[in-house]
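Quick mapping for you: the protein sequence lines, in order, are chains A and P.
Residue numbering for the first sequence follows our numbering, starting at 1 and increasing by one per position.
Residue numbering for the second sequence follows our numbering, starting at 216 and increasing by one per position.
The hints are simulated quantities; they were obtained by calculation from the structure and are not laboratory data.
Backbone N, C-alpha and C define an ideal beta-carbon position, used for all residues, glycine too.
Please note that the accuracy of each hint is not assured.
[To be verified] Some chain P residues judged to face chain A by a derived CB distance under 8 Å, without partners named:
#: 1; residue: Thr-223
#: 2; residue: Val-228
#: 3; residue: Asn-232
#: 4; residue: Val-245
#: 5; residue: Leu-251
#: 6; residue: Gly-253
#: 7; residue: Leu-261
#: 8; residue: Thr-271
#: 9; residue: Gly-272
#: 10; residue: Glu-289
Here is what each chain is made of, one letter per residue.
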Amino acid sequence: MTTTRATADDLTLVELLRAGDQTAFMMLVDELGPSMRRVARMYVSTDAVADEVVQEAWLGVLRGLPGFEGRSSLRTWIFRILVNTAKTRGQRESRSVPFASLAGDDLDAPAIDPAAFDDGGAWSTLPFDWRGMPEERAQATETLHVIGGAIAMLPPMQAEVIRMRDILGWSSEEVRNALGISKTNQRVLLHRARARVRTAVEEHFRSVAEAGAGG
Amino acid sequence: MSVDASITCREVVELLNDYLEGELPEPDRVRVEEHLAGCDGCTTILGEFRETIRLTGMLTVEHVSDAQRETLLEAFRDWTSAT
């Protein structure tokens, strides 16, 4: 497995944490906390237990911080502690979660409705082009609401991959290391998640366009 | 419309995310780019993927609960005073 090493920013942050900088610590908690809670929740049975796992993981992070050597990125290292803590807790709960139930059973589904193509696999009619519509035809906030809703409906691992990659802006390498998934799985999960979100946006703008044409 | 017959639109749309991620092997990347150069439909979908990614990036992360923040801040203070 290839690993992204800690960046200069990571090492600066680690120095601040070691020096007891509370603001730096809380910024990290705010950035990683929501993802940590959801990832923990994949492995344990309740939100309350997930909160305990997150807290236990942060204590593990603090204990390990003096020995952090920067062989992986700080986020990756923190998530590895989190995932280990969550898995251990899940095992204690005798809860086994098959990867397929986290990843979703629709990974082979086509990105575009097959009805859009002719027998030869070419477009039978050109796809609906909604680009440029957010500014002209609808409130941008409404579009973002549609996207947030579509992500919330995704299987947990697909949702987390697209959140880390596209909302938090992490590299694909950091995403797969943080979640402990293979390069192939990360690619497939991201493809599927983005395809589902794109379809949701298309459906949204199609209904906006139809409402506009009808009125 | 002149399109590289070796790869269909239906196949190209399944490769667009890997293309955007820079994770397509070189021969596939070339075939996808040649196809895109002659195909308005697939170029639209590629643009829509880009736009989807841009819009998703405008979402913000949720908040950590005040109770959880308070507990963690306390743990951090304890850790600081112990080291």
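Verification of the hints:
Interface hint at Thr-223 (chain P): satisfied, since its Cβ lies 3 Å from the closest Cβ of chain A, which is below the 8 Å cut-off. Checking Val-228 (chain P) against chain A: minimum C-beta separation of about 5 Å stays under 8 Å; hint holds. For Asn-232 (chain P), the suggested interface contact is upheld, since its CB lies about 4 Å from the closest CB of chain A, less than 8 Å. Hint status for Val-245 (chain P): violated, given a least beta-carbon distance of 19 Å to chain A, over 8 Å.
Hint status for Leu-251 (chain P): violated, given a least beta-carbon distance of 13 Å to chain A, over 8 Å. Given hint, Gly-253 (chain P) at the interface with chain A, is violated; its Cβ is 11 Å from that chain's nearest Cβ, farther than 8 Å. This hint is violated: Leu-261 (chain P) has a C-beta 11 Å from the nearest C-beta of chain A, more than the 8 Å allowed. The beta carbon of Thr-271 (chain P) comes within 4 Å of a beta carbon in chain A, closer than 8 Å, and the hint placing it at the interface holds.
Look at Gly-272 (chain P): its Cβ gets to within about 6 Å of chain A, closer than 8 Å, so that hint holds up. Interface hint status for Glu-289 (chain P): violated, as the beta-carbon distance to the closest one in chain A is roughly 11 Å, over 8 Å.
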